[in-house]
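Residue numbers (this note's numbering): 77 to 253.
Mixed in with the good hints, there may be bad ones.
[What the hints assert, rightly or not] Calculated cross-link-like contacts (lysine to aspartate or glutamate; reagent style EDC-like; alpha-carbon spacing at most 16 Å):
1. Lys108 - Glu135
2. Lys108 - Asp178
3. Lys176 - Asp200
Think of the hints as simulated: they come from the structure by calculation, not from any bench.
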Amino acid sequence: MGKHLYSLLQFSLIIGSVYSLWYALTIITGCKCPLSVTITNGMEPALRKGDILFATNYEEDTLNVGDIILFDVKSRENSIVHRIIQIRTKPDGTLQMLTKGDNRPQDDTFLFYAPGQMWLEKKDVIGKVKGVVPPVGILIVLFQEYKLVVLGCAIAYLIATFLISRFNEDLHHHLHH
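Based on the provided sequences and hints, a complete structural model is requested.
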């Protein structure tokens, strides 16, 4: 039983460390999602499915036509990564942006924005993409696409590990008594 408790403690420390690093990264970058994975081909050839993106959202970050941004839209579950294709300033000084995926024929107005939304504003922007690590994130994409298979394999692995450990303990106990 002590081995299992020790393994659980190690696992908990790993999870806690990853969470702490993620939290620190969000503070350092000013971005609620500093690392993300491209899950579609909508930004090819600039970004490929599986690319890991690094983003920041500093107050001093300027947004320009041509920048690739990560943004949220109220009507969508997942964040979107697309390029700014047009910027305008409203009379009250609010910056508005129009975005489009490089591999898409039209802008995001009707396909991705909330119904009735014609422009993004700074409040919609999660971060500005500053770097790309290709295509390490393909493992994450595969997990998202085949969650049940991966989860099933993980559970089978844990059960097999437990059973083998139990079998070895029983065998060791049987041989020495």
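Hint by hint, here is what the structure shows:
A C-alpha spacing of about 13 Å is found between Lys108 and Glu135, which places the hinted pair at or below 16 Å, so the restraint holds. Distance restraint check for Lys108 and Asp178: the Cα-Cα separation of roughly 24 Å exceeds the 16 Å cut-off, and the hinted pair is therefore not satisfied. As the CA atoms of Lys176 and Asp200 are separated by approximately 15 Å, the hinted pair is consistent with the 16 Å bound.
Of the numbered hints listed earlier, the single one contradicted by the structure is hint 2.
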